[in-house]
Amino acid sequence: MSTSRATSRSAYLVIAIVAVIDLVLLYGVTLMYAQGELAFAMLVLVLATVGTWIVISRKGYNYRYVYPSLLGVITFIVFPLIYTVNVAFTNYSSNHLLSLERVRAIHLAKTYRTGGESFSFKMYQEGPSFRLMLTSAAGGEAHYLTKPFTESDQPQELKVFESIHVPTGAALPIREIIKKRSTLQKLDIVLPDGTELAMTSLRKFGAIARVYRPDDHTDRQYPQQNLALIDNRTEEIIYPDMATGYYTNEAGTEQIGPGFTIYIGGDNFVRVFTDPGIQGPFLKIFTWTVIFAALSVAFTLIIGLLMASLVQWEPLKGNGVYRLLLILPYAVPAFISILIFRGLFNQNFGEINLLLDMLFGIKPEWISNELLAKSMVIIVNTWLGYPYMMILCIGLLKSIPEDLYEASAIDGATPVQNLFHITIPMIIKPLIPLLIASFAFNFNNLVLIALLTGGAPDMLHATTPAGATDILVSYTFRIAFGSYGQDYGLASAIATVIFLMVGFIAWVNLKATRRLQ
Amino acid sequence: MAMVQPRNLKYRVWTARIVMWLFLLMILFPFFMIISVSLRTGNFATGSLIPENPSLEHWYLALGIPWENADGSITQPPFPVLTWLWNSIKVAITSSALILILATTGAYAFARLRFRFKQQMLTAMMILQMFPAVLALVAIYSLFDQIGDYIPWLGLDRLGSVTLAYLGGMALHIWLIKGYFETIDSSLEEAAAIDGATPWQAFRFVLLPLSVPILAVVFILAFIASIAEYPVASVLLQSMDNLTLAVGSRQYLNPQNYLWGDFAAAAVLSGFPITIIFLACQRWIVGGLTSGGVKG
Numbered sequence: 000m001s002t003s004r005a006t007s008r009s010a011y012l013v014i015a016i017v018a019v020i021d022l023v024l025l026y027g028v029t030l031m032y033a034q035g036e037l038a039f040a041m042l043v044l045v046l047a048t049v050g051t052w053i054v055i056s057r058k059g060y061n062y063r064y065v066y067p068s069l070l071g072v073i074t075f076i077v078f079p080l081i082y083t084v085n086v087a088f089t090n091y092s093s094n095h096l097l098s099l100e101r102v103r104a105i106h107l108a109k110t111y112r113t114g115g116e117s118f119s120f121k122m123y124q125e126g127p128s129f130r131l132m133l134t135s136a137a138g139g140e141a142h143y144l145t146k147p148f149t150e151s152d153q154p155q156e157l158k159v160f161e162s163i164h165v166p167t168g169a170a171l172p173i174r175e176i177i178k179k180r181s182t183l184q185k186l187d188i189v190l191p192d193g194t195e196l197a198m199t200s201l202r203k204f205g206a207i208a209r210v211y212r213p214d215d216h217t218d219r220q221y222p223q224q225n226l227a228l229i230d231n232r233t234e235e236i237i238y239p240d241m242a243t244g245y246y247t248n249e250a251g252t253e254q255i256g257p258g259f260t261i262y263i264g265g266d267n268f269v270r271v272f273t274d275p276g277i278q279g280p281f282l283k284i285f286t287w288t289v290i291f292a293a294l295s296v297a298f299t300l301i302i303g304l305l306m307a308s309l310v311q312w313e314p315l316k317g318n319g320v321y322r323l324l325l326i327l328p329y330a331v332p333a334f335i336s337i338l339i340f341r342g343l344f345n346q347n348f349g350e351i352n353l354l355l356d357m358l359f360g361i362k363p364e365w366i367s368n369e370l371l372a373k374s375m376v377i378i379v380n381t382w383l384g385y386p387y388m389m390i391l392c393i394g395l396l397k398s399i400p401e402d403l404y405e406a407s408a409i410d411g412a413t414p415v416q417n418l419f420h421i422t423i424p425m426i427i428k429p430l431i432p433l434l435i436a437s438f439a440f441n442f443n444n445l446v447l448i449a450l451l452t453g454g455a456p457d458m459l460h461a462t463t464p465a466g467a468t469d470i471l472v473s474y475t476f477r478i479a480f481g482s483y484g485q486d487y488g489l490a491s492a493i494a495t496v497i498f499l500m501v502g503f504i505a506w507v508n509l510k511a512t513r514r515l516q
Numbered sequence: 000m001a002m003v004q005p006r007n008l009k010y011r012v013w014t015a016r017i018v019m020w021l022f023l024l025m026i027l028f029p030f031f032m033i034i035s036v037s038l039r040t041g042n043f044a045t046g047s048l049i050p051e052n053p054s055l056e057h058w059y060l061a062l063g064i065p066w067e068n069a070d071g072s073i074t075q076p077p078f079p080v081l082t083w084l085w086n087s088i089k090v091a092i093t094s095s096a097l098i099l100i101l102a103t104t105g106a107y108a109f110a111r112l113r114f115r116f117k118q119q120m121l122t123a124m125m126i127l128q129m130f131p132a133v134l135a136l137v138a139i140y141s142l143f144d145q146i147g148d149y150i151p152w153l154g155l156d157r158l159g160s161v162t163l164a165y166l167g168g169m170a171l172h173i174w175l176i177k178g179y180f181e182t183i184d185s186s187l188e189e190a191a192a193i194d195g196a197t198p199w200q201a202f203r204f205v206l207l208p209l210s211v212p213i214l215a216v217v218f219i220l221a222f223i224a225s226i227a228e229y230p231v232a233s234v235l236l237q238s239m240d241n242l243t244l245a246v247g248s249r250q251y252l253n254p255q256n257y258l259w260g261d262f263a264a265a266a267v268l269s270g271f272p273i274t275i276i277f278l279a280c281q282r283w284i285v286g287g288l289t290s291g292g293v294k295g
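Sequence lines, in order, name chains A and B. Under numbering that gives the first Met the number 0, the first residue of the first sequence carries the number 0, and numbering increases by one thereafter. Under numbering that gives the first Met the number 0, the first residue of the second sequence carries the number 0, and numbering increases by one thereafter.
Source of the hints: derived by calculation from the structure; they are not laboratory data. It cannot be assumed that every hint is accurate.
Said to hold, decoys possible - Derived coverage of chain A by chain B (criterion: at least 3 residues anywhere in the stretch with Cβ under 8 angstroms from a Cβ of chain B; other residues may be distant):
{"hint": "1", "region": "171–184"}
{"hint": "2", "region": "240–248"}
{"hint": "3", "region": "445–451"}
{"hint": "4", "region": "488–497"}
Stated by the list, open to error - Computed spacing ranges between beta-carbons, pair by pair:
{"hint": "5", "chain 1": "A", "residue 1": "Ala-408", "chain 2": "B", "residue 2": "Leu-121", "range": "39 to 47 angstroms"}
{"hint": "6", "chain 1": "B", "residue 1": "Leu-209", "chain 2": "A", "residue 2": "Ala-15", "range": "31 to 39 angstroms"}
{"hint": "7", "chain 1": "A", "residue 1": "Gly-411", "chain 2": "B", "residue 2": "Leu-121", "range": "43 to 51 angstroms"}
{"hint": "8", "chain 1": "A", "residue 1": "Glu-156", "chain 2": "B", "residue 2": "Phe-114", "range": "53 to 61 angstroms"}
{"hint": "9", "chain 1": "B", "residue 1": "Lys-89", "chain 2": "A", "residue 2": "Pro-172", "range": "42 to 50 angstroms"}
{"hint": "10", "chain 1": "A", "residue 1": "Ala-408", "chain 2": "B", "residue 2": "Arg-282", "range": "24 to 32 angstroms"}
{"hint": "11", "chain 1": "B", "residue 1": "Leu-121", "chain 2": "A", "residue 2": "Thr-462", "range": "41 to 49 angstroms"}
{"hint": "12", "chain 1": "B", "residue 1": "Leu-214", "chain 2": "A", "residue 2": "Ile-427", "range": "17 to 25 angstroms"}
{"hint": "13", "chain 1": "B", "residue 1": "Leu-209", "chain 2": "A", "residue 2": "Glu-150", "range": "55 to 63 angstroms"}
{"hint": "14", "chain 1": "A", "residue 1": "Glu-150", "chain 2": "B", "residue 2": "Leu-121", "range": "53 to 61 angstroms"}
{"hint": "15", "chain 1": "A", "residue 1": "Ser-93", "chain 2": "B", "residue 2": "Phe-114", "range": "44 to 52 angstroms"}
To be verified - Subject to a maximum C-alpha distance of 20 angstroms in a straight line, what follows is the list of computed PhoX-like cross-link-like pairs (lysine-lysine):
{"hint": "16", "chain 1": "A", "residue 1": "Lys-316", "chain 2": "A", "residue 2": "Lys-283"}
{"hint": "17", "chain 1": "A", "residue 1": "Lys-203", "chain 2": "A", "residue 2": "Lys-158"}
{"hint": "18", "chain 1": "A", "residue 1": "Lys-121", "chain 2": "A", "residue 2": "Lys-178"}
{"hint": "19", "chain 1": "A", "residue 1": "Lys-179", "chain 2": "A", "residue 2": "Lys-121"}
{"hint": "20", "chain 1": "B", "residue 1": "Lys-117", "chain 2": "A", "residue 2": "Lys-510"}
{"hint": "21", "chain 1": "A", "residue 1": "Lys-373", "chain 2": "A", "residue 2": "Lys-283"}
{"hint": "22", "chain 1": "B", "residue 1": "Lys-117", "chain 2": "A", "residue 2": "Lys-58"}
{"hint": "23", "chain 1": "A", "residue 1": "Lys-203", "chain 2": "A", "residue 2": "Lys-178"}
{"hint": "24", "chain 1": "A", "residue 1": "Lys-316", "chain 2": "B", "residue 2": "Lys-9"}
Glycine included, each C-beta is placed from N, C-alpha and C at the ideal position.
The task is simple: from the sequences and hints, build the whole structure.
Right, dumping it as structure tokens:
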């Protein structure tokens with residue numbers, strides 16, 4: 000009796016909590032929809048509906064336990080993947096960052112100096128806020144005083160009033176004004192007659208006017224008329240060109256930045272496969288990525304297996320200590336050890352070159368020589384990765400029955416024969432899915448490349464920065480977040496191509512695992 | 000051991016040992032070197048493996064204490080290492096705890112409950128965990144940029160966004176925990192169910208207490224993965240005081256401002272606790288890795 004009452008009470012509580020959460024979410028959805036964020040609004044709406052059904056409905060009970068984790072997987076893995084594919088079909092980049100509406104608003108806010116009246120100004124501090132006193136160059140008793148304003152990196156509109164008084168507080172010296180100039184430059188001062196003023200020099204404010212006004216003639220015929228603008232200076236019409244992602248004049252000869260984001264179809268993919276400045280590096284980098292991942296797997300496996308066999312070999316004694324020391328490279332966070340290697344391999348101050356110089360009198364150019372840089376990447380990755388393989392091999396070696404080795408010892412087999420005729424055949428089957436997973440991991444090993452070489456040495460004749468040690472992900476990373484103009488659209492297109500490759504590897508892995516079971 | 004031993008065993012053991020020692024010397028060289036570099040004077044001095052005139056200058060700076068040079072000038076710590084370490088720990092603990100909660104409940108459903116599309120969901124999870132977050136960085140960046148307009152603490156350059164982004168690493172852990180749950184006999188929970196326990200009670204009071212080892216392993220794995228994560232954090236975080244250790248450490252080896260000695264001390268200082276945690280838990284981690292790997 001008491002338990003059922005408790006259950007029904009807690010059921011009401013659950014429903015109440017769900018209702019509150021749903022209300023908040025619905026508010027959010029409305030807000031997002033109003034802002035034009037359709038994708039987000041849909042995602043949240045669908046997830047909230049499903050979530051509510053699962054909690055309320057009796058049928059949904061079993062889904063209660065999966066739902067939170069599915070929610071996480073969908074929001075943080077699936078949705079970003081879909082979003083990336085979507086971006087691949089746009090021109091989203093540092094030149095085309097904003098939506099058309101935002102770009103239009105920016106154009107409408109643009110101003111120019113009309114050459115009208117100009118005012119010299121003084122800045123007064125009153126506690127945390129400031130005031131400007133504007134004196135007309137034409138002279139006169141009266142001057143304008145602004146309302147108090149504070150420092151800000153946002154544009155501020157300030158009304159002024161005419162006054163003959165000087166503000167209390169001290170006028171700031173010019174070097175203080177220089178410090179505050181980013182605030183001052185964003186001020187939009189409106190005189191009582193409606194004239195707008197903006198800062199024109201460190202001592203003056205001048206009259207300004209809007210460059211553009213919306214085109215309100217509905218009788219004209221040209222594309223995107225409702226978004227078109229008219230230049231107040233020349234009466235020329237500019238309209239958004241949906242092919243280039245810029246506002247252009249009617250002749251289409253001039254593009255006026257900033258650009259806006261548009262869908263450009265498969266152009267990014269066409270660029271990847273035909274633009275010589277991208278296709279060339281792309282193919283080279285793809286080949287290197289495969290070689291790098293394959294060699295990393297091969298070397299880590301060879302060393303890992305060898306060390307696992309040694310550590311497992313009982314006559315050696317002290318196996319536990321060896322095992323611990325051998326695992327050490329895996330226990331230290333990779334970002335630290337990679338950076339340690341970056342320092343050790345440094346051409347001039349690096350300890351490795353110091354040692355090589357002392358022993359053999361050579362100083363290899365680990366960073367600037369292509370082949371050496373590639374070898375360094377593989378050496379470091381082998382160092383980082385062999386303990387994982389060793390751990391896996393130790394586990395697998397334990398499952399091999401001892402009497403096999405016993406029998407081979409009676410036949411007088413050498414350790415090498417043992418390795419090729421007993422050990423490898425016994426562990427290869429369960430090992431294959433793990434090797435494929437390791438291949439996939441190295442295929443996308445951005446941390447190693449980004450921290451060790453950053454892709455260096457650079458390739459020549461590449462449209463976007465690309466280097467000899469760059470793998471596909473680090474190449475993508477540089478296109479998207481590098482310091483030379485960020486092309487998110489192109490980066491997403493390459494990422495989409497990588498999705499297909501990873502998907503293929505995953506599929507192969509799935510087959511291999513299935514065969515195992 | 001009833002193993003048949005070859006006659007030349009002694010000779011073989013010594014060969015193996017010497018190979019092992021030489022290999023270990025090579026493998027551990029970077030660690031000896033970095034400790035030695037951290038005790039050197041100055042950032043450019045090159046020297047032998049054992050520093051000639053050891054100084055604690057880099058250690059002071061790594062701990063955030065200004066260092067007084069021999070000529071009386073004061074060197075200020077170049078970077079807030081301890082703040083970075085603390086940021087990393089905050090992000091790692093929160094994201095690992097969230098991952099643990101979500102992955103455990105999910106794994107319970109996959110291991111014990113029946114529902115439609117279960118097998119498809121599991122396969123999908125397994126394929127999805129092979130897509131690293133690195134591939135969707137543009138989307139993650141843009142996503143948090145837009146979320147930040149509504150919820151500031153989840154925006155760019157906030158630790159909240161990084162924490163949330165790390166939840167994507169959960170798919171693998173669901174498989175790990177599910178594998179462990181399947182090794183536990185379900186008859187205990189069935190007995191509890193016969194006594195009137197709801198699935199939640201069977202999960203909370205029967206299964207969970209039996210699964211503490213795997214939960215610890217998953218927490219530690221998630222913790223270490225989060226501490227060592229570089230790409231997402233490097234894209235989302237910008238200001239000096241908000242960086243995580245993985246992103247911040249890179250600042251030391253800038254070609255324009257090469258602080259090799261300072262880096263060495265900071266690396267040892269921050270790498271040491273994480274290494275110790277890993278080694279202390281290695282038995283369970285190794286178990287989790289191999290079993291999860293073989294099953295996954």
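Results of checking the hints against the structure:
1. 171–184: Violated: only 0 residues of the region 171–184 of chain A have a Cβ under 8 angstroms from chain B.
2. 240–248: As far as the region 240–248 of chain A goes, the hint is violated, because 0 residues have Cβ atoms under 8 angstroms from chain B.
3. 445–451: With 4 residues in contact (Cβ-Cβ under 8 angstroms with chain B), the coverage given for the region 445–451 of chain A holds.
4. 488–497: It holds, with 4 qualifying residues against the three required.
5. A:Ala-408 with B:Leu-121: 39 to 47 angstroms: For B:Leu-121 against A:Ala-408, whose Cβ atoms are near 44 angstroms apart, the range 39 to 47 angstroms holds.
6. B:Leu-209 with A:Ala-15: 31 to 39 angstroms: Check passed, 33 angstroms falls within 31 to 39 angstroms.
7. A:Gly-411 with B:Leu-121: 43 to 51 angstroms: At roughly 49 angstroms between Cβ atoms, B:Leu-121 and A:Gly-411 fall inside 43 to 51 angstroms, so the hint holds.
8. A:Glu-156 with B:Phe-114: 53 to 61 angstroms: Hint holds: Cβ distance 58 angstroms, inside 53 to 61 angstroms.
9. B:Lys-89 with A:Pro-172: 42 to 50 angstroms: holds, 43 angstroms
10. A:Ala-408 with B:Arg-282: 24 to 32 angstroms: holds, 30 angstroms
11. B:Leu-121 with A:Thr-462: 41 to 49 angstroms: holds, 42 angstroms
12. B:Leu-214 with A:Ile-427: 17 to 25 angstroms: violated, 33 angstroms
13. B:Leu-209 with A:Glu-150: 55 to 63 angstroms: At roughly 60 angstroms between Cβ atoms, A:Glu-150 and B:Leu-209 fall inside 55 to 63 angstroms, so the hint holds.
14. A:Glu-150 with B:Leu-121: 53 to 61 angstroms: Between A:Glu-150 and B:Leu-121, where Cβ atoms are some 56 angstroms apart, the hint holds.
15. A:Ser-93 with B:Phe-114: 44 to 52 angstroms: holds, 46 angstroms
16. A:Lys-316 with A:Lys-283: violated, 48 angstroms
17. A:Lys-203 with A:Lys-158: holds, 17 angstroms
18. A:Lys-121 with A:Lys-178: Within the cut-off at roughly 14 angstroms; holds.
19. A:Lys-179 with A:Lys-121: At roughly 13 angstroms apart (the allowed maximum being 20 angstroms), A:Lys-121 and A:Lys-179 satisfy the hint.
20. B:Lys-117 with A:Lys-510: holds, 19 angstroms
21. A:Lys-373 with A:Lys-283: holds, 13 angstroms
22. B:Lys-117 with A:Lys-58: holds, 15 angstroms
23. A:Lys-203 with A:Lys-178: With Cα atoms ~16 angstroms apart, A:Lys-203 and A:Lys-178 stay inside 20 angstroms; holds.
24. A:Lys-316 with B:Lys-9: holds, 12 angstroms
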